[in-house]
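K.L.:
Sequence:
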Amino acid sequence: MPDTIRQIRTVLSALLLAAAGASLAGCSGGDFGRTRADMRSDDMHSWLGVEATGSLGLKSSQFQLTDEERQLRDLAYPMIEPPLSRPAWKSVFGDYRALPSPWHQKVVFDRTMYGRTLIDEPHRSHSSRYAQLIEDVRNDITRFEPFFACAIRVIDLDRKRDASMARVSALSPQEKADAVARMQENSLIVQWVQQSLEQRVSSYRWALERLVIQAPDGMAADADRLIGELAAQTTNPPIISQPPYGRAVVSKG
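Taking mature numbering (1 follows the signal peptide of the UniProt record, and there is no 0), I'd label the letters of the sequence shown as residues -25 to -1, 1 to 228.
Take these hints with a grain of salt, some might be off.
Claimed, not checked - Pairs of lysine-lysine residues, derived as DSS-like cross-links and limited to a Cα-Cα distance of at most 25 Å, are as follows:
#1 K135 / K151
#2 K34 / K151
#3 K34 / K135
None of these hints come from the bench; they were simulated from the model.
Being a predicted model, the structure only gives us computed values, none of them experimental.
Make the full structure from the sequences, and use the hints.
P.N.:
The following block contains the structure:
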């Protein structure tokens, strides 16, 4: 009888643990590692501008985001989040986090981190590592045009905003400060993405070189071609935002 009771308790404990895990997964993570829709908000990426300006000691704007500015931030986030930076468990227990801007980071960029993570993570075969690299590069290429198309629109509207301020009647110092701060935010976000893309290209190349050494495969040619395409786009972006107060973006690695 005591053995039977212990077995029942063991089964109940296992069921409760499974139910708790399912509950946490339902609360935090979405299908296929995506953030659940009910955890999102229209301004969930508004912190990007605040982080960028704050890291340079500049004040952020109190203006509400326009639709274009909101889209700029939404499109920027997946391009500044380091690839392979999200472990599998984060898909269950929460997969969204704020990131420090490049002007706030004290740690020098490590171009080997992506490649080491790609190689060290368990894979069924070396081909799947090549496939993951190709997918990551292709995703960046796919995101490139939509982001910079939005950036062109935002920067163009900021130029018009800047030109119109001289003709606004009774413009208060606070209104002018908020307008200037918003233009700085938008410009810095574009620079943030530009630097992130430079770092990604460097990381992808390091990873491909190590894969070729460890497990030569015909897929390497496809990966190299895609990395070259992304590098060409990154080197010649359709828009280059000017750094505020002469603070240029510096990419290390």
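K.L.:
Going through the earlier hints one by one, which of them does the structure break, listed in rising order?
P.N.:
none
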